[in-house]
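**Q** Residue numbers (numbering that gives the first Met the number 0), protein chains in the order written: chain C, 0 to 485; chain G, 0 to 211.
Source of the hints: derived by calculation from the structure; they are not laboratory data.
Worth double-checking, as some hints may not be accurate.
Coverage of chain G stretches by chain C, computed from C-beta distances (three or more under 8 angstroms per stretch; other residues unrestricted) [as the list claims (entries may be wrong)]: (1) 50-58; (2) 193-199.
So the derived label-pair ranges between C-beta atoms look like this [said to hold, decoys possible]: (3) G/Ala86 with C/His3: 58 to 66 angstroms; (4) G/Glu49 with C/Glu379: 32 to 40 angstroms; (5) G/Thr149 with C/Glu412: 29 to 37 angstroms; (6) C/Arg373 with G/Ala86: 43 to 51 angstroms; (7) C/Arg1 with G/Arg53: 30 to 38 angstroms.
Some, not all, of what chain G presents toward chain C, calculated at C-beta under 7 angstroms [unchecked claim]: (8) Leu62; (9) Leu63; (10) Ala182.
By construction, the Cβ of each residue, glycine as well, lies at the ideal position given by its N, Cα and C atoms.
As a plain string of letters, each chain reads:
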Amino acid sequence: MRPHVRFLSDELLQQILDEARDLLAAVGVEIHNPAVVDLLHAGGARVDTATGRVHLPGDLVDRALATAPAAFRLYDATGEATHAFGSGEVTFTPGSAAIYILDEATHAVRHPVTADYVRYAKLVSRLPHIASQSTAMIAADVHEQIGDSYRLYLSLLYCEKPVITGAFSAEGFPVMRDLLVAARGSAESLRERPLAVFSCCPTAPLKWSGATSQNVVDCARAGIPVEYVSMPLAGFMAPVTLTGSLVQHTAETLSGIVISQLAAPGAPALYGGSPAIFDVRYETTPMGAIETMMMDCAYSEIGHRLGLPTQGYIGLSDAKLLDAQAGWETGIGATLAALSGIDSVSGPGMLDFESCQSLEKLVVDNEICAMVRRLRAGIEPRDDFPAAPLFQELFREGHLLIAAHTRRHLRHEHLFPGPVVDRAQRSRWLEEGSRPLGERARAEVAHHLADWEPVRLPAEAQAALTERMSAEARRFGMDRLPDHAG
Amino acid sequence: MDTLAQLAEMLQRGEDQEVLRLTREAVAQGLPAGRILNDGLIAGMNVVGERFKRHDIFLPDVLLAARAMYAGMEQLKPLLIRDGVPARGRVVLGTVQGDLHDIGKNLVAIMLRGAGYEVVDLGHNVAPAAFVDAAEREGARVIGLSALLTTTMPVMRQVVELLRERGLAGRVRVIVGGAPVSADFAREIGADDYGYDGASAVDKVAALMEAR
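Make a model of the complete structure from these sequences and hints.
**A** Next up, the structure:
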């Protein structure tokens with residue numbers, strides 16, 4: 000049995016769903032995109048010309064839910080399946096789009112540049128418990144208009160894992176789609192074997208910008224999966240109560256599903272989100288708040304009830320350094336995410352309200368992910384019954400260290416984290432240099448970077464990527480891309 | 000692969016029956032016992048030790064290799080004596096008086112035997128004089144003392160003092176270990192060394208055997 004946590008009773012969950020549907024029908028959503036408004040109108044939505052709001056009737060929502068797939072896969076750059084969303088497996092991806100990096104050498108927070116991104120992508124390629132990469136940082140050494148596509152470009156060149164990404168504008172999408180097509184070989188193979196998921200964020204409350212709603216439509220038509228990332232801020236841009244914010248989250252996410260499914264029935268998507276409480280003392284949106292995590296788990300329950308795979312920004316921290324707060328907020332979040340069965344967990348590596356990535360934290364979080372994946376696997380009987388023979392062996396031999404039962408099950412039953420997690424005797428720890436966590440993590444980053452292996456993408460695909468990216472950079476006045484091979 | 004390389008390989012895999020068979024085969028081929036020991040058994044065990052330290056393999060693998068080593072050693076022992084090959088050395092081991100906890104001590108015994116040492120295991124609840132008598136009687140160069148209880152740790156000091164009284168200090172070295180024991184404690188009572196786990200005990204014993 001997989002261990003499981005639940006926050007919503009059946010009755011409450013149904014009531015939240017009902018209220019969200021009523022909200023969509025009665026209040027509607029504001030959509031800053033005439034083409035998307037037309038699409039919804041043609042699909043049966045009522046457009047209020049006076050207010051500009053689009054009202055989504057219940058049957059339209061039902062039709063969308065009926066065609067939204069319950070499961071889909073992701074494939075890495077070599078075409079190998081890596082994710083089976085909807086299968087019950089919990090996967091982890093780094094928190095995305097940080098504007099800062101915590102520099103390992105100086106401990107300073109600064110804007111990341113190309114070299115940082117490359118080190119990040121190489122590191123993720125080596126971490127066994129981080130199943131996908133995300134475009135986790137925005138390189139400051141290229142024009143901001145290509146900030147979205149440039150991250151994807153570097154990701155595809157330095158790491159084979161699928162990419163959780165997103166376009167910053169409607170114009171960014173075609174460039175990013177071209178890069179994915181170049182890596183995969185053709186638009187058809189990209190549709191057959193998705194290599195990326197695009198985050199598409201409605202704006203609280205109940206609003207879609209022109210760019211994000213267009214991204215939803217474009218992704219659906221290209222067969223590129225999306226994750227809807229609704230972000231109600233409890234007490235500020237959403238009701239202060241967790242239940243009230245969940246109603247808003249549900250309505251915003253359902254509206255995204257309707258747009259996707261009208262654009263292309265059957266379009267794959269994750270029922271995602273990044274809600275948070277609003278801390279009225281600091282005017283911040285704590286991702287490490289327990290209530291934030293509770294909302295994540297609760298909307299994932301709603302998504303699963305609707306038969307959809309889910310995503311959440313959970314398992315990250317608001318700490319500014321790799322300190323105890325970073326560890327506990329990430330650990331609690333990752334544990335809850337695993338116990339809730341969130342299909343794609345976005346968080347590892349991230350600090351400071353989703354604004355700062357840390358490579359050391361990423362290797363620490365990789366071990367946290369390993370532990371919670373073990374937790375998720377639960378407790379199962381393995382040749383344990385009848386019990387008496389094994390105990391007879393224990394009494395006869397004095398120990399079970401080399402028993403056949405031990406040898407058969409040791410490596411599955413017990414997780415062996417490290418070297419970041421420290422389990423040495425104090426004397427050994429002293430003998431090995433009394434290294435604190437940060438130092439062990441730093442050494443581990445260096446070790447992984449030294450062992451990085453080049454991406455097995457055909458040379459012509461790599462050349463096509465560079466050609467497309469260079470052309471886009473030239474449009475914004477950059478004669479050449481920053482050197483990244485060194 | 001020649002017989003000794005195969006022997007080292009089977010030892011690493013903890014295949015005691017294969018190690019026994021290959022040891023006999025090497026003897027039948029007329030290979031000197033000292034070479035079978037060094038280039039077969041000990042060569043394999045060295046790899047096991049290194050891989051264990053790197054966490055490539057775990058304690059059960061080491062213990063299986065140790066069991067295989069022991070199987071091979073039993074075959075070789077009379078031949079090594081006949082050929083006058085110096086033994087790796089003898090260690091007297093026990094849990095000190097008042098303490099019945101012998102799991103750690105047993106682990107150390109298995110690993111020392113696996114490394115080719117002869118172990119005289121006195122069991123648990125062993126009086127200071129029994130350690131010193133056994134060391135003298137058996138010609139052991141090292142005494143290993145184990146304790147789990149803080150209340151029995153002072154017995155370790157008594158063993159060190161008794162060795163000094165009998166003029167054996169320096170000739171018979173003392174290594175201590177057990178959960179509450181530390182390197183500082185070892186220094187404080189005048190013990191020669193401290194092992195924090197089975198593998199470190201083997202390394203430290205090797206150094207103590209050399210140090211003369």
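**Q** Which of the listed hints are broken here?
**A** none
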